[in-house]
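Participant: Sequence:
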Amino acid sequence: MSDDRPTHSWTLPQQHLNIAEESDGFLIGAALLTPEDAERLAENLRSFRPDEVGGRDWMRQHEALQRLNMQAHQSAKTNSDEFVVEALLTFEKVSLLVKELLVVEAWKEKALPHLLENMDRGPASMRCYFVFYHEAVLCNLLETILFHDYGVEALQDSVLEFVDYCARKLTKLNHRQSLEIPLRDGMDVEPGESNPAGSAVEEGASAPAHRELVAQLQETELSVCLSALRLARFLAEHIEKMPLSGFNRLVEVHDVLMLIVPLVDNPPWARRRREKLTREEEQENQEPSKDGKKKKKKRGKHIWEKLDENNKWSKVDAADLLKLTPIEVNAWLLVFFLTCTTEIRKSYHLNSFRKASLLRIRKFINDMVLDQLPVLADVQR
Numbered sequence: 003m004s005d006d007r008p009t010h011s012w013t014l015p016q017q018h019l020n021i022a023e024e025s026d027g028f029l030i031g032a033a034l035l036t037p038e039d040a041e042r043l044a045e046n047l048r049s050f051r052p053d054e055v056g057g058r059d060w061m062r063q064h065e066a067l068q069r070l071n072m073q074a075h076q077s078a079k080t081n082s083d084e085f086v087v088e089a090l091l092t093f094e095k096v097s098l099l100v101k102e103l104l105v106v107e108a109w110k111e112k113a114l115p116h117l118l119e120n121m122d123r124g125p126a127s128m129r130c131y132f133v134f135y136h137e138a139v140l141c142n143l144l145e146t147i148l149f150h151d152y153g154v155e156a157l158q159d160s161v162l163e164f165v166d167y168c169a170r171k172l173t174k175l176n177h178r179q180s181l182e183i184p185l186r187d188g189m190d191v192e193p194g195e196s197n198p199a200g201s202a203v204e205e206g207a208s209a210p211a212h213r214e215l216v217a218q219l220q221e222t223e224l225s226v227c228l229s230a231l232r233l234a235r236f237l238a239e240h241i242e243k244m245p246l247s248g249f250n251r252l253v254e255v256h257d258v259l260m261l262i263v264p265l266v267d268n269p270p271w272a273r274r275r276r277e278k279l280t281r282e283e284e285q286e287n288q289e290p291s292k293d294g295k296k297k298k299k300k301r302g303k304h305i306w307e308k309l310d311e312n313n314k315w316s317k318v319d320a321a322d323l324l325k326l327t328p329i330e331v332n333a334w335l336l337v338f339f340l341t342c343t344t345e346i347r348k349s350y351h352l353n354s355f356r357k358a359s360l361l362r363i364r365k366f367i368n369d370m371v372l373d374q375l376p377v378l379a380d381v382q383r
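Taking the working numbering, the leading residue of the sequence shown gets 3, the next gets one more, and so forth.
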């Protein structure tokens, strides 16, 4: 039987279907946006009020920001021309991105609780997820901008609000109460222990759509908090480009160094849990004892896990526990810049409380960590 098929206008050439041949070449380096498209999208960005969040025009801008974010990250990975960053700086849109962050944060605090009271599965819940994801997109795009010192300088008058935003997210990362679901994902409840993740979802809610939405909210909130950690590191690294008010806000008012010390001492991105039993072991636990005595049930062995670059839990062998992940590297670099930058050391007063807090993390700086981050030798001294 002949396999000849009629040719239509939408028929793809056979050579384009072989992804394996092109995945190592053209497709990886292909630009998602042209410089002209990036300039057009950046120029058309505008601010929205909290009551406009989720509307038609807002959704169009969300799509535009997502495209700009993807292109900015691709340019950074391939060490090519970062025309997205240049376009945002040329049209002075960095302060607008910070304002949009604050608008989404205000929407989540003021409007979202009312929506959760009567939430059903459908377009409304999907649109709420777009709002959650919008905050993560803005943070990721700001990371590519603030990586450069001129990006920090472009914050201008919005630097105070941005430092406040990062401090709030680091405080939430320390508190962890609103992040139980992603932080305890896959963990079994110990005997006699309540499940805070389950109580956080089911408190005042029985609808599946509500539980799913709260889980998505906490998952994206964890991603945003970890992005705030990286953003705070960029601010500390390029602190000489910040105005004096921003310097004082970061170092003295919020005392970001004392916010990061508990995270290094008791990191939320590392955990120890019991491995789940196999099906055979579970069946063996359910079988009655032969001699009639109470049988001791088997339990899974303890394993260590860390959050990877995609904010997913991955198993870590005991021999690799001291191998720093990208999240841990950013936390330590933030400590380094806040303790060893000349401008900060001149104005930051080390009282007895601050000294005692810093000594808590000094014990973690060993030879293996120094091999990975030699700059920490200055922190150790």
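Rather than coming from a laboratory, the hints here were simulated on the basis of the structure.
All figures in this text were calculated on a predicted structure; none of them were measured in a lab.
Cβ atoms here follow ideal geometry from the backbone N, Cα and C, with glycine treated the same way.
Treat the hints loosely; a few may be bogus.
[Claimed, not checked] With a straight-line cut-off of 25 Å between C-alpha atoms, the simulated SDA-like cross-links for lysine to any residue are: (1) Lys-303 to Asp-322; (2) Lys-365 to Asn-312; (3) Lys-174 to Asn-142; (4) Lys-101 to Ala-113; (5) Lys-101 to Thr-80; (6) Lys-110 to Asp-151; (7) Lys-243 to Glu-345; (8) Lys-314 to Lys-243; (9) Lys-325 to Pro-245.
[As the list claims (entries may be wrong)] The following label-pair restraints were derived from C-beta to C-beta distances: (10) His-150 to Lys-357: 42 to 48 Å; (11) Gly-57 to Asp-257: 37 to 43 Å; (12) Ala-272 to Thr-344: 50 to 56 Å; (13) Lys-317 to Pro-210: 49 to 55 Å; (14) Met-128 to Ser-316: 27 to 33 Å; (15) Glu-94 to Asp-369: 36 to 42 Å; (16) Thr-344 to Glu-94: 26 to 32 Å; (17) His-304 to Arg-356: 20 to 26 Å; (18) Lys-303 to Leu-104: 30 to 36 Å; (19) Leu-326 to Thr-173: 20 to 26 Å; (20) Pro-210 to Thr-36: 29 to 35 Å; (21) Asn-268 to Asp-83: 39 to 45 Å; (22) Thr-173 to Tyr-152: 27 to 33 Å.
Participant: Look at each hint and say if it fits the structure.
Facilitator: Against the structure, the hints come out as follows:
A C-alpha spacing of about 18 Å is found between Lys-303 and Asp-322, which places the hinted pair at or below 25 Å, so the restraint holds. A hinted pair counts as satisfied when its Cα atoms are at most 25 Å apart, and Lys-365 with Asn-312 does not qualify at roughly 28 Å. Annotation: proposed proximity of Lys-174 to Asn-142 holds, straight-line Cα distance about 18 Å (limit 25 Å). Proximity of Lys-101 to Ala-113 is assessed by CA-CA distance (about 17 Å); at most 25 Å being required, the pair is judged to hold.
With a C-alpha separation of about 29 Å, the suggested pairing of Lys-101 with Thr-80 is violated against the 25 Å cut-off. Restraint check: the Cα-Cα separation between Lys-110 and Asp-151 comes to about 31 Å, which exceeds 25 Å; the hinted pair is violated. This hinted pair checks out: Lys-243 and Glu-345 have alpha carbons roughly 11 Å apart, not beyond 25 Å. Only pairs whose Cα atoms come within 25 Å are accepted, and Lys-314 paired with Lys-243 is rejected, the gap being roughly 34 Å.
With a C-alpha separation of about 36 Å, the suggested pairing of Lys-325 with Pro-245 is violated against the 25 Å cut-off. For His-150 paired with Lys-357, a C-beta distance near 34 Å fails the hint of 42 to 48 Å. About 39 Å separates the C-beta atoms of Gly-57 and Asp-257, a value consistent with the hinted range of 37 to 43 Å. For the hinted restraint 50 to 56 Å between Ala-272 and Thr-344, the CB-CB distance of approximately 32 Å leaves it violated.
For the pair Lys-317 and Pro-210, the beta carbons lie near 30 Å from each other, so the given range of 49 to 55 Å is not met. Our hint of 27 to 33 Å for Met-128 and Ser-316 holds, since their Cβ atoms are close to 29 Å apart. As the Cβ distance of Glu-94 to Asp-369 is approximately 47 Å, the hint placing it in 36 to 42 Å is violated. The hinted range of 26 to 32 Å is satisfied by Thr-344 and Glu-94, whose Cβ atoms lie roughly 30 Å apart.
Taking the beta carbon of each, His-304 and Arg-356 are about 35 Å apart, not inside 20 to 26 Å as hinted. Between Lys-303 and Leu-104 the beta carbon distance is about 46 Å. The supplied range of 30 to 36 Å is therefore violated. Separated by about 24 Å at the C-beta atoms, Leu-326 and Thr-173 satisfy the suggested range of 20 to 26 Å. In this structure the hint that Pro-210 and Thr-36 lie 29 to 35 Å apart at CB is violated, the actual value being about 43 Å.
Taken as a hint, the range 39 to 45 Å holds for the pair Asn-268 and Asp-83, whose Cβ atoms sit roughly 42 Å apart. Evaluation of the 27 to 33 Å hint for Thr-173 and Tyr-152 yields a pass: the beta carbon distance comes to about 29 Å.
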